[in-house]
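Below, each chain spelled out in residue letters.
Protein chains: 2
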Amino acid sequence: MEAISKEVLSGNRRALARAISVVENGGEEASQLVRSLFEYTGRAHIIGVTGSPGVGKSTLVDALITECRKEDLKVAVLAVDPSSPFTGGAILGDRIRMQGHTLDKSVFIRSMANRGHQGGVALATYDAIRMLEASGYEVIIIETVGVGQSELAIAQTADTTVLVLMPGSGDDIQAIKSGIMEIGDIFVVNKGDLPGANKSASEITASLELASSKAEKPWHPPVIVSIAETGQGIGELWQAIKKHKLHLSEAGLLSKRRMDRIQAELSEIVADIARRNLKKSLSTNNEVKEVLDDIATRKVDPHTAARQLIGNMFQTIQY
Amino acid sequence: MEAISKEVLSGNRRALARAISVVENGGEEASQLVRSLFEYTGRAHIIGVTGSPGVGKSTLVDALITECRKEDLKVAVLAVDPSSPFTGGAILGDRIRMQGHTLDKSVFIRSMANRGHQGGVALATYDAIRMLEASGYEVIIIETVGVGQSELAIAQTADTTVLVLMPGSGDDIQAIKSGIMEIGDIFVVNKGDLPGANKSASEITASLELASSKAEKPWHPPVIVSIAETGQGIGELWQAIKKHKLHLSEAGLLSKRRMDRIQAELSEIVADIARRNLKKSLSTNNEVKEVLDDIATRKVDPHTAARQLIGNMFQTIQY
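Chain order of the listed sequences is A and B. Residue 337 in our numbering sits at position 314 of the first sequence; the count goes up by one each step and never skips. Residue 41 in our numbering sits at position 18 of the second sequence; the count goes up by one each step and never skips.
Just chain A, with the same shape it has in the complex (with noise of 0.2 Å):
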């Protein structure tokens, strides 16, 4: 690991590749590399961006870049996909719309998948973000593929979060209505030569008005109409974003932003252990294994079960 270490600093873009493949993979490599590295982890700007599948998001993920690449800073794409937990397969089709990055040696694009349970990909993406920040990236963009509930939760490990919609797109201005508004610092509406796209925006806007009245912190969260393909407001965007940055530190947000998601990756990692520990004691050890046959039997119901054996669990615990 220290090897490895060494050459993520050095800013190796293989090293980087493998490196976040052992962090994908989870356990003790994982945490061995983590630990090596956190010191010099917490630098960069991570941008969220989430929106519904077909809104564009690849697209303008792609000008952002050039934007990023204007300023000469280095900027590095996390294409996260929650939804395929099965195969480990990503969404890297629409990787190669970016593929007027490849050969920019300061550009790093990586599509995640989730390998496992629930909350697996978000931790995953934490320590991603930390081997990026090591390597030497400023910019991070975290895209997803939906709106679900796992990718909010990825969307959350960001300190700007992008909310991507398109014309008409009646269901995700009811989504935002519907809570989704509180995680957006920016709404663009792409696709705005379809018809509509100002309608929508005035939509959002009224809907982001009526709920920042409530807000103690006023950050009123912009609504941009964008094309993607031709670039037209990609430059607002991302003014948008280095404004929304400045906020952020200025009001004294982002570390307690950067402090909310401390916590919730603590209790994700204290519950991942938790669940791991549980597995494997389930395939070895018979009094745990006789347990899930008084459950079948309905001897015991689970919550009294797992009672039980988070007591035994936790004397043997192992990390």
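Among the hints, a few may not be true.
Heads up, the list lumps identical chains together, so a pair's fine if it works in one copy or across two of them.
[Unchecked claim] With a Cα cut of at most 30 Å, we get these calculated DSS-like pairs of lysine-lysine: (1) K97 - K322; (2) K265 - K322; (3) K322 - K279; (4) K266 - K279; (5) K279 - K302; (6) K222 - K279.
What the hints contain is simulated information worked out from the structure, not anything from laboratory work.
Knowing the structure of chain A, use the given hints to seat chain B on it.
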């Protein structure tokens, strides 16, 4: 809790609604309720209905209710929306379509939304199913809003999983190819009057044949073309569901599936207990709060910190 238990057993609908709210909220009250009713559970046929938004799942579920009622079966529907993590508001709009059954006292329909963390709604679903079983429902349909990871976790609470698609939804067929297939016991191409219905059905069948050559105990998932609006194909679907249940029993798979489910549930309960305890100690224990600062200042990484915390935590664990 004891009063509610009795009323739930007697089939009182109001008590049932209240009991489901209790298990949704989790905690000690929920555990007590599950404990007191656990011996009366495990008897219903649990049918999962999943698929992307817009394919007509609610209409299809509505038609399935009619099939159940023809056989005088008591049927309940849990409509679960794991993608509304913030407001707790669920997909009630869709429920209106099921109003044809609102006066039928043998039909119970309930929406559940996520409250809190990942895994929360899956855990609550297990327990809500138990409340319905204790109350005498013989068929329980779990309808989810999408095909994301959380939805799949919920689909896996079912004995028989029906995956609903519509013609020409290339994304869905892609999803099937990339693994969601593995959870479908029965496939439905709904909106069968749209162009390409038979082509979609053939594509799915071809994919399934390719996969089933590798399977151990062959259940050949049928692919049914339906028009839920008119009821076409629903009789066939209902026969397929019953046939699948018979197959599970005869092949000894029903108990295996349920055993896997118990294991998954136990694992999530244990993770949940760990998560709750951490959260509690983060707000009450000064030593634990200091750990957060140490992470923020990069003195210790989250993985190492989690291992320290879990040691402390389980000396004073509270369930």
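ask   = Given a CA cutoff of 30 Å, do K222 and K279 count as a within-copy pair, a between-copy pair, both, or neither?
value = neither (35 Å within a copy, 53 Å between copies)
request  = State whether the alpha carbon distance between K265 and K322 is at most 30 Å within one copy, between copies, both, or neither.
outcome  = This pair counts as between: shortest inter-copy Cα distance 29 Å, intra-copy 59 Å.
query = Given a CA cutoff of 30 Å, do K279 and K302 count as a within-copy pair, a between-copy pair, both, or neither?
reply = between (35 Å within a copy, 17 Å between copies)
Status of K279 relative to K266 across identical chains (alpha carbons, at most 30 Å) = within (18 Å within a copy, 55 Å between copies)
request  = Pop the pair K97 and K322 into one bin, within, between, both or neither, using alpha-carbon distances up to 30 Å.
outcome  = between (59 Å within a copy, 26 Å between copies)
task = If the cutoff is 30 Å on CA atoms, where do K322 and K279 land: within, between, both or neither? Let me know, please.
result = between (47 Å within a copy, 18 Å between copies)
In this structure, only the earlier hint numbered 6 is contradicted, and the remaining ones agree with it.
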